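Trainee: Following the hints, complete the assembly by docking chain B onto the known chain A.
Note that the protein sequences, when read in sequence, are chains A and B.
One point on numbering: in this note's numbering, the residue at position 323 of the first sequence is 323, and numbering is uninterrupted.
One point on numbering: in this note's numbering, the residue at position 381 of the second sequence is 381, and numbering is uninterrupted.
Source of the hints: derived by calculation from the structure; they are not laboratory data.
All values derive from a computational prediction rather than experimental measurement.
Each statement offered as a hint is correct.
Note that identical chains are pooled: a pair holds if it fits in a single copy or bridges any two copies.
Think about it this way: if two alpha-carbon atoms lie no more than 27 Å apart in a straight line, the pair counts; the simulated DSSO-like pairs of lysine-lysine are: (1) Lys208 <-> Lys353; (2) Lys348 <-> Lys244; (3) Lys348 <-> Lys242; (4) Lys335 <-> Lys313; (5) Lys313 <-> Lys273.
Listed below, chain by chain, are the residues.
There are 2 protein chains.
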Amino acid sequence: MLYERLDSYVRDSREEFEDKLAEMIEVPTISMEPDRAGDMRRGAELARQYLESIGARAEVVETPGNPVVFGRIEAGANYPTLTIYNHLDVQPADPSEWHKDPFTFFKENGRYEGRGTTDDKGPALSAMMAARYAAQNGVPLNINFIWELEEEIGSPNFEHFIKNNLDRLSTDSILVSDTIWISRSRPAIPYGLRGAMMLTMTLETGAKDVHSGLTGGVARNPIGELCKVISECYDAETGRVKIKGFYDDVVRATRQEVQSFLDSGFTPQKFKKAHELKKLRFDDPERVLKAIMAEPTFEVHGIAGGYQGPNVKTIVPHRAEAKISCRLVPDQEPKKVFRLIRDFVREKNPDIKCEFLGALEPYIGEFTGKYADAASRAMKYAFGRQPAFTREGGSIGAVVTMKNHLRSPIIFLGLSLPEHGYHAKNENFDWGMASGGIKMFVRYFDEISRLSE
Amino acid sequence: MLYERLDSYVRDSREEFEDKLAEMIEVPTISMEPDRAGDMRRGAELARQYLESIGARAEVVETPGNPVVFGRIEAGANYPTLTIYNHLDVQPADPSEWHKDPFTFFKENGRYEGRGTTDDKGPALSAMMAARYAAQNGVPLNINFIWELEEEIGSPNFEHFIKNNLDRLSTDSILVSDTIWISRSRPAIPYGLRGAMMLTMTLETGAKDVHSGLTGGVARNPIGELCKVISECYDAETGRVKIKGFYDDVVRATRQEVQSFLDSGFTPQKFKKAHELKKLRFDDPERVLKAIMAEPTFEVHGIAGGYQGPNVKTIVPHRAEAKISCRLVPDQEPKKVFRLIRDFVREKNPDIKCEFLGALEPYIGEFTGKYADAASRAMKYAFGRQPAFTREGGSIGAVVTMKNHLRSPIIFLGLSLPEHGYHAKNENFDWGMASGGIKMFVRYFDEISRLSE
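Here chain A stands alone, though its shape is the one from the complex (with noise of 0.2 Å):
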C-alpha cells in the first residue's frame, strides 16, 4: 500500500511543495548578517508553522543565538526515532551577481531558483513532505525534526541547544540531508566530512608604512616574510604540506574507499565547469577525489596588508596578515595540527605570530551496516541507480555534536548537485531532485521502521 500511492501522493503535493518553498525562500534567513533577527524570527515561526500543518507538534526553541526549531511527529512509544536534521539559515547573496533577485523565489520547467533552495530548504522540505507521507500511512516511526538557523555561522549555539534538549532528543538514528551528489547520473551518500581550523599569521615590523626609496633594501618587508613563511609551509602548486608531522595522524583511505569513491560518476572536466575553474592543480580523477574527500588542505584565503589600490604605491608595509585554514580529515586532531603550524612559522621567523580561530572536528561515519544499507537501498529505489559511498570536502559542525551528544548513526541522504550552484551565485534547486528525495526519504523512513523487527 505505502508504494502503490507515493507516486500519487508526490505528483499531487507538487503545488504545495513549490508555494512552501517559495515562501520559505522569500524570508531572507541570513545568520551572517547581524541584522537579520528579525527574519531569522520570521523563518522560525513559518518553519514551525510548516511542521504543524503536516501533524507534527512544533517549536521554536530559544538559544543565546538564533533558535532552533523542533519538531515531532509522534507514532508511538514503542517505535524507534528517528532525527532528521536540516538548517534553514543560508548565505549571503550579491543581487548584482544574479539573474533575478536571489530573495524573490523564481520558479521555470521544475527548476527554483532563490538563495536557499538547495542549501538547504529544498531538502528540508523533501524530508518534511516524506514525513507526512509515511505518518499517514502508518509507518512505524517516531520522527524528530531539528531545523537549525546558524549552520552557515559554523553553529555557535548548537551545542548548547541540543545538551540542553538531550531528554527529548533521545534517538535511534540521524539523518542529515545538506550534502552534495557528485553527478546526477549518480547518486551520492557522504559518510564523512573534513574538520577545519582558522588561523591567522601577523607579522608587524613597524610603525607605519614607509618610503620604499628611502629604507627599500634594508626595511623587512612584512608581505614578502609570509609569503615565503607561506611557502615553506606548503607548495602552493601541488597543495602538500611541508610542515613536519602533518599527515601524521591521517588515515588514508582505503582501496575499497577510493574504488566508491570513483563510483560516484566524479569527473575532473565537470568539477572544473561546476566551480567555473581553469585548470586543476591535477587531473586525475583519482588524484583529485583524495585530495577533496580524504586529504588535509592548507589554503591561504586572503592577506591582508599593503597597498591594495589602483597602480602602485611604493611603500614597504609595516604589517600584513594572512588568514589561513586547513581542512582536516580522520583522525587529524585540530589543537594539535595549529601547534604543529604555530611551531613550524616561530622556527622559521619567531616575529609572526600565529592566532587560532576556531576549528570543527573531521568525521567520519556509516558507510556499512543495517543504517547505510536502508539508505543505499532507498536511494536506488527512487532514483534508479546504486549510490557510491562518498565523503564531503566541506565541514558541518552540528554533525560532530550530535554524533559526540546524541551518540548514534548519523546518515547524509543529500539532494544537492553540483550545478546547482551550493554557496554560489544563482542557487537553484529542481521537482527531479524534490521528487525524487520524497520518495527516497519515505523508503528510508520504512527501511528504519523495521531494522528493530
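Mentor: Then chain B, alone, in the frame of chain A:
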C-alpha cells in the same frame, strides 16, 4: 660685502619667510588627488607672485597636466645661468594621523609643521630668498626657477614641459633642492638616485571564489602560487634577489664612495627611530648604507585578492595580484630588469601575467669637479662641517629628464632631515635648516658665478 651683510639679511628675512611658507602650506597642492585642479592653480599663481616679488620674471606654463611655474632673474647675457629645480606639490595627508591639521601652518620655536614644509616648499622658498639676496648684491649669475607641480606623481608631464621650452631653458648647471641629509650633525650632498621599475603580477585561476571545503585540495590557490613565485624571486629576509642576471649590470660603489656614505653621520639606531621600524634586515652600518644607496631592491607593496575582512572566510580565491617594484641603481636598465623578472616568472609559473607599469632610470651625477667642490664649500660655509657625498635611495624622475635634455651638471643641495617626516605624518621643517640654507645657496651662487673666471 656679499658675506658681511648676509647674516643680517637672513635674520631680517625670517618673518617674511615664515609668512610666505605659511601661505603656501595652506594651499593643499596634493597632485595625487584628482579633484585638486583648483588648488594646483592657486598654488601656481601664488608661486608666480612670490617670484615676481623678488624681482624675477615669472609665468605659469601650461602642460597637459598641472602647470609648471617658470621664473628667471636676469643678471646679464654674458653671465652663466643656473637652473633651480623644486616642486610645490605635496603628498596626501590623513588628518587623523597628525597632531594638527596638515594644511594649517603651525609654528613653534622655529619649527614649522604642515604638509609640504620640508618636501619641498621650505627648501624652494629658502633658495628663492637666497636668489634675491644674490641678485640685489650683484652676483653675476642668471637664475632660472623651475617649480614643478607633479613630482609626487612621477612627473608625467615634465618631459613635455622641458622639450617645449628648450630654447629658454639653456643652462650651465642645475641645482636640485629636494633631498635629505642622513643626520642633522653632518651635511650631505647626494650625487645619485635609484631608479624604479613598477610591475604587477596577476594570476587568475577561475571565474569566482569557490568553497574551500568542496574544492580545497585540487582548486589552485592564486595567493599561494603568487607567494611561492615571490619567494622564488627574492629572499624576503635578506632582500637578496634570486633572479638570474638581476645584479649583472650593477656598478658597485667604490671603497671611497662607501667611506663617504659612512662619513654622513648615519647610525642604524637613528634610522630605525626616524622610520619607526622595529628591526632592520641587518644592522652593520656599511651594509645598511650600501643597501639603501647603492643596491637595487625587490619590494612587494601589496597583494590584492582573497578575503580581507574580519575573521576567516573559507574560500579559495580565484584571482590575486601582487604590486611590486624594484629600485634600480646604475647601470641597470629598467626595461631589461622587467624582462628578466617576466621571463623568470613565466618559467616558474606560466599562468602569472607580469605587467610593466612604468619606470624611472637610475641617476648618477657629480661628486667631484668644480660644481661638486663649490657645493661642498657652500655647505661647509653655511653649516660648519664638510658635507658627506651620499646617494639617495629614492627616485626623482625630473632629474633624469633634465640630465637627458639640458645636458648640464646637476648638484643636489637638500635641506631635509630624517626627523622632518618626509612623506610621513607631522611633516616639519625648521628655521635652522632654512636659515642655513639661505646662506648656503648664496655662497653656492657666488662660487659658481665665478667658475669661468
